[in-house]
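Using the sequences provided together with the hints, build the complete structure.
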Amino acid sequence: MEIPYTVEARPDTGLNNVKLGIWLFLASEVMLFGGLFSAYVLLRMGAVDWPLGSEFLNIPIGTVNTAILIGSSVTMVMAYASLKLGDFAKYKGYMAATVLLPVLFLCIKGYEYYEKVQHDHLPSHSTFLAIYWTMTALHGLHIIGGIAVNGYFWGPGSKMWHTKPAMFENRIEAAGLYWHFVDLVWIFLFPVLYLL
Amino acid sequence: MRPLPDESLLLRQGRDIGWSVSGKVKKGVTTLDNVTTAEGIAHAEHGHDEHELSFLQSYVFSLDHKVIGIQYAITALLFLLFGFTLMMLMRWNLAFPGRPIPVIGNFLGMANAPGGIMLPEFYNQLGAMHGTIMVFLGVVPLAVGGFGNYVLPLQIGAPDMAFPRLNMASYWSFFLGGVIMVASFFVPGGAANSGWTSYAPLSVLALEGQTWWLIGMIFLITSSLLGSVNFIVTTLQLRAPGLSFMRLPFFVWAQLVTSFLLLLAFPPLEAAGVLQLMDRVADTSFFMPSGLVTGDGPLEISGGGSPLLWQHLFWFLAHPEVYVLILPALGIVGEVVANNTRKPLWGYRVLVASVIFLGFMSFIVWAHHMFLTGMGTTISTFFQTTTMIISIPSVVILSAMFLSLYGGSIRYTVPMLFALAFLPMFGIGGLTGLPLGLTAPDIHLHDTYYVIGHFHYVVAPGTIFALFAGIYYWFPKATGRLMNDLLGRIHFWGSIVAINCVFMPMFITGLAGMNRRLYDGGMQYAHVQGVMEWNAFMSYGAWTLGFFQIFFIFNFFWSIRHGKKVGDNPWNATTLEWQAPSPPPHGNFTTPPEVHRGPYEYSVPGASSDFSMQGQAPEAESAKV
Numbered sequence: 001m002e003i004p005y006t007v008e009a010r011p012d013t014g015l016n017n018v019k020l021g022i023w024l025f026l027a028s029e030v031m032l033f034g035g036l037f038s039a040y041v042l043l044r045m046g047a048v049d050w051p052l053g054s055e056f057l058n059i060p061i062g063t064v065n066t067a068i069l070i071g072s073s074v075t076m077v078m079a080y081a082s083l084k085l086g087d088f089a090k091y092k093g094y095m096a097a098t099v100l101l102p103v104l105f106l107c108i109k110g111y112e113y114y115e116k117v118q119h120d121h122l123p124s125h126s127t128f129l130a131i132y133w134t135m136t137a138l139h140g141l142h143i144i145g146g147i148a149v150n151g152y153f154w155g156p157g158s159k160m161w162h163t164k165p166a167m168f169e170n171r172i173e174a175a176g177l178y179w180h181f182v183d184l185v186w187i188f189l190f191p192v193l194y195l196l
Numbered sequence: 001m002r003p004l005p006d007e008s009l010l011l012r013q014g015r016d017i018g019w020s021v022s023g024k025v026k027k028g029v030t031t032l033d034n035v036t037t038a039e040g041i042a043h044a045e046h047g048h049d050e051h052e053l054s055f056l057q058s059y060v061f062s063l064d065h066k067v068i069g070i071q072y073a074i075t076a077l078l079f080l081l082f083g084f085t086l087m088m089l090m091r092w093n094l095a096f097p098g099r100p101i102p103v104i105g106n107f108l109g110m111a112n113a114p115g116g117i118m119l120p121e122f123y124n125q126l127g128a129m130h131g132t133i134m135v136f137l138g139v140v141p142l143a144v145g146g147f148g149n150y151v152l153p154l155q156i157g158a159p160d161m162a163f164p165r166l167n168m169a170s171y172w173s174f175f176l177g178g179v180i181m182v183a184s185f186f187v188p189g190g191a192a193n194s195g196w197t198s199y200a201p202l203s204v205l206a207l208e209g210q211t212w213w214l215i216g217m218i219f220l221i222t223s224s225l226l227g228s229v230n231f232i233v234t235t236l237q238l239r240a241p242g243l244s245f246m247r248l249p250f251f252v253w254a255q256l257v258t259s260f261l262l263l264l265a266f267p268p269l270e271a272a273g274v275l276q277l278m279d280r281v282a283d284t285s286f287f288m289p290s291g292l293v294t295g296d297g298p299l300e301i302s303g304g305g306s307p308l309l310w311q312h313l314f315w316f317l318a319h320p321e322v323y324v325l326i327l328p329a330l331g332i333v334g335e336v337v338a339n340n341t342r343k344p345l346w347g348y349r350v351l352v353a354s355v356i357f358l359g360f361m362s363f364i365v366w367a368h369h370m371f372l373t374g375m376g377t378t379i380s381t382f383f384q385t386t387t388m389i390i391s392i393p394s395v396v397i398l399s400a401m402f403l404s405l406y407g408g409s410i411r412y413t414v415p416m417l418f419a420l421a422f423l424p425m426f427g428i429g430g431l432t433g434l435p436l437g438l439t440a441p442d443i444h445l446h447d448t449y450y451v452i453g454h455f456h457y458v459v460a461p462g463t464i465f466a467l468f469a470g471i472y473y474w475f476p477k478a479t480g481r482l483m484n485d486l487l488g489r490i491h492f493w494g495s496i497v498a499i500n501c502v503f504m505p506m507f508i509t510g511l512a513g514m515n516r517r518l519y520d521g522g523m524q525y526a527h528v529q530g531v532m533e534w535n536a537f538m539s540y541g542a543w544t545l546g547f548f549q550i551f552f553i554f555n556f557f558w559s560i561r562h563g564k565k566v567g568d569n570p571w572n573a574t575t576l577e578w579q580a581p582s583p584p585p586h587g588n589f590t591t592p593p594e595v596h597r598g599p600y601e602y603s604v605p606g607a608s609s610d611f612s613m614q615g616q617a618p619e620a621e622s623a624k625v
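Line order of the protein sequences matches chains V and H.
Its first residue numbered 1, the first sequence is counted upward by one per residue in our numbering.
Its first residue numbered 1, the second sequence is counted upward by one per residue in our numbering.
Simulated from the structure, these hints should not be mistaken for laboratory data.
Some clues are possibly wrong.
Claimed, not checked - Sample of chain H residues facing chain V (criterion: CB under 7 Å; computed from the structure):
no.: 1; residue: P159
no.: 2; residue: M278
no.: 3; residue: A282
What the hints assert, rightly or not - Stretch by stretch, here's where chain V covers chain H in the computed footprint (C-beta under 8 Å, at least three residues):
no.: 4; stretch: 310-322
no.: 5; stretch: 474-482
Stated by the list, open to error - Have a look at the derived ranges for each label pair, beta carbon to beta carbon:
no.: 6; chain 1: V; residue 1: A137; chain 2: H; residue 2: W172; range: 42 to 48 Å
no.: 7; chain 1: H; residue 1: P188; chain 2: V; residue 2: I61; range: 39 to 45 Å
no.: 8; chain 1: V; residue 1: V7; chain 2: H; residue 2: E52; range: 35 to 41 Å
no.: 9; chain 1: H; residue 1: G109; chain 2: V; residue 2: C107; range: 47 to 53 Å
no.: 10; chain 1: H; residue 1: R342; chain 2: V; residue 2: G14; range: 48 to 54 Å
no.: 11; chain 1: V; residue 1: V7; chain 2: H; residue 2: P188; range: 51 to 57 Å
no.: 12; chain 1: H; residue 1: G109; chain 2: V; residue 2: I70; range: 41 to 47 Å
no.: 13; chain 1: V; residue 1: R10; chain 2: H; residue 2: W172; range: 48 to 54 Å
From a predicted model like this one, the values you see are computed outputs, not experimental measurements.
Using N, Cα and C, we set each Cβ at its ideal position, and we do this for glycine too.
Following this line, the structure appears as C-alpha cells:
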C-alpha cells in the first residue's frame with residue numbers, strides 16, 4: 001500500500017498532501033491567534049484605562065528581537081533555496097542560522113521576562129500584563145516547536161536528502177511555511193503590545 | 001482471463017496481512033512463502049510500513065484507518081454509555097429529590113452522596129460532565145473519528161488516510177483527554193461542576209476539577225485539529241480516479257464540511273481555554289470583572305476582565321460544534337435512505353450546496369446563545385437574522401431527505417428504521433429551535449427544560465439514532481457479518497418510544513417555566529408544581545431507554561462472532577466501500593478502484609440490476625470486453 005501524492009502534486013489540486021496539510025494547520029493557527037487578538041481588542045475596548053506598551057515594555061529590545069526573527073525567516077528561505085539549487089552544504093549553514101537565531105530570540109525574551117518578574121510585573125498585575133504574558137508565552141511555545149523541527153531537519157532529519165531529496169525539499173518547504181507564520185505572529189504582536 | 005491469477009493472489013495476501021475484528025490475524029491457506037513475500041514486497045515498497053505486526057502494533061498503536069476508526073468508535077460508545085449513566089443517576093434525583101439512590105447510592109462515596117442521597121454539588125458535577133462527555137467524548141468522536149475514519153477513505157477509494165501517523169496521534173490525544181476528564185471525578189472537590197459551557201466567573205472560582213477539565217479540553221482540541229487536517233487532505237487528495245466532487249457520496253461532503261468546522265472553530269476555544277487556565281493558575285483577570293464579591297468577601301484580583309468574552313469565545317466554537325454533531329448524522333442518513341429506497345437522493349446538488357452554506361453560516365450565529373446576557377439589542381437582532389437564515393439550508397436538507405422517500409420501494413431494514421426515525425425527530429428538534437432563535441420568545445424560554453428538549457431532540461433521537469443507523473449499516477463491512485435483525489428491531493422500537501417519553505415532556509415543563517440545572521427538579525417553585533409529576537415520568541423513560549440499549553450492546557458483541565455471514569455488498573449498495581472485501585484488508589482495495597458514475601445510481605432505467613456501483617464500468621463498454 002502506498003499513499004498517493006505524498007511527494008508529487010496531484011494534477012487537479014496542484015498540491016501534494018504535505019503542502020495542503022500545513023496550510024490547513026496554519027489556517028487553524030490563524031484562528032487560534034485570531035481568537036487571542038480578538039480577546040485583546042475586546043478587553044482593551046472595555047477597559048477603563050489601558051497602559052501604553054512602553055510603560056512596561058522595552059521597545060529597543062523588542063525591535064532587536066523583531067529583527068532577529070525576520071532574519072531567521074530570511075535564512076529559512078535561503079536554506080530552502082539552497083536545497084532547490086542542490087547545494088547541501090549551504091543548506092546546512094543557513095539552517096543552522098535558522099535554528100540559532102530564534103534561540104537568541106528566546107534568550108532575549110527570557111531576559112525580558114526576568115526583568116518583569118524583578119519588577120513584580122506578573123500576569124496578575126493587570127490585564128495588559130496578563131495578555132502580554134499569555135500571548136508572548138504562547139508564541140514562545142511556537143518558537144520552541146519551530147526550533148525543534150528545524151533542528152531535526154538540520155541534524156538527523158537531513159539524512160533524507162541523500163535518499164529521498166524531493167520529499168526532503170517538501171518537508172523543508174512545510175517547515176518554512178510554519179516558520180514564516182510564527183514570525184508573522186510576532187510581527188503582529190510587537191506593534192500591538194509594544195507600540196500601541 | 002489474464003488478470004485473474006494475480007488478483008486472487010493479491011486478494012489472499014491482502015487478507016493475510018489484514019485484520020479482522022474477531023481478534024485473530026487470519027493466516028488463511030497460504031504457505032509461509034506467500035506471507036514472507038507479502039512482507040518482502042511491503043518492505044521493498046515502503047520500509048516503514050511493515051505488515052507482520054505485533055499485537056500492539058496491529059490493534060493498539062495501529063496506523064490503519066480502519067483500526068483507528070474502530071478504536072474511536074468503541075471508545076466513544078463507552079463514553080456515550082458512561083455519559084448516559086451519569087444522566088440516569090441525575091434523573092433519580094429529579095424524580096425523587098432527597099431520597100437515597102437504591103443500591104448504586106452506596107458506592108458514590110460520602111463526599112458525593114452521604115447515605116445515598118445525592119448532594120447538589122455532586123449533581124452539578126454530573127450535569128457538567130454529562131454534557132462534556134456526550135458532546136466531546138461521545139458523539140463527535142463516534143461521528144467523525146469513528147465513521148469518518150472508517151468509512152470516508154473507503155468511500156473515496158483511498159488506501160488509507162493521508163497522514164496515518166497523525167491519525168494515530170489524534171486517537172491517542174483524544175484518549176488521553178478522555179482519561180483526564182474521567183480522572184477528574186477523583187480529585188478533591190470532584191469533577192468540573194460549572195456546566196459543560198464553563199461560564200466565567202463561576203468556572204474560574206470553581207475547585208480543582210475545572211483545571212482538569214481545561215487540560216482535558218486542550219487534548220481533545222489537539223485531537224480534533226489533527227483529525228480534521230487529515231480528513232480534509234484525504235478527501236481532496238486521495239479521491240480515486242474519476243471521483244469528481246459531484247460524484248462524492250453525500251456522507252463524504254458532510255464529513256468534509258464538518259472537518260472545516262472543527263479546524264476553524266475549535267482554536268478559539270483553545271485560546272479561551274488558555275485564558276481561563278491563566279485566570280485559574282496565574283490569577284489573571286481575563287474573565288473576571290472588577291469588584292467581584294463572593295461569600296468570602298471581595299476577591300483580590302486586578303479585575304477589568306469580561307465574563308462575556310468567555311461566552312463569545314466559547315459559543316464561537318460551540319455553535320459550529322452543533323453542526324459538527326448533526327452533519328455527519330445527515331450524511332449517514334443520506335447514505336442509508338438512498339440505499340433503502342432504491343432510488344437516488346433527491347436533489348443531490350442542492351444537498352451539497354446546502355451543507356456548504358450551512359457550514360459558512362454556522363460561524364455567524366453563535367451569539368443567539370447569548371440573547372439575555374446584556375450584549376445589546378442591535379447585536380441580538382443581527383444574530384436573530386442569521387439564525388433564521390441558517391434554518392433555511394437545514395430545512396432544505398430535511399425536505400430533500402423526505403422527498404427521497406417519495407416513490408421509493410422502501411426496504412424496512414434496521415438501519416433504515418433508525419434513519420426514518422431520524423427525519424421527524426430531527427425535524428422536531430429543528431422546529432422547536434426557531435422560537436429560541438427569536439429574541440422575544442427566548443426571554444421566556446431560555447434556561448428552561450424547553451431548551452434541553454430542543455437540543456436533545458436534535459442530538460439524541462436525531463444524531464445518535466443516525467449513528468445507530470450507521471453502525472447497523474456498516475457493521476457488515478467491518479466484520480463481514482450482519483447484526484441480528486430481531487434484536488435490532490427490539491432495540492429500535494424500544495428506544496424510539498422511550499426516548500420520546502424522555503424528551504417530549506420537557507417541552508411541557510419548559511413552557512411552564514421549569515428551570516434547567518435545578519437539582520431537585522424545581523420543587524421549591526410554585527409556578528411549576530402543576531408539571532412536577534412529569535419529572536418521574538421522564539425518569540422512567542430514561543431508565544427504560546437504558547434497558548433497551550442492553551439489546552444493542554449484546555447484539556454488537558454477539559454479532560462479531562455469531563452474526564450471519566454476508567458477502568462484500570450485503571445491502572446492494574453503490575458506493576465504493578462496498579467494492580472492497582469485508583473486512584477490507586490493509587490498503588483497502590484488492591484492485592485500485594476507478595469511478596465511472598455518480599454515487600446513487602439506483603434503479604437506473606435499462607440497467608441490468610437495480611443498483612450500478614460507482615466502480616462499475618459503463619455497461620456498453622463492459623459488454624464489449
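In ascending order, which of the hints set out earlier in this document are inconsistent with the structure? 5, 6, 8, 10, 12 and 13
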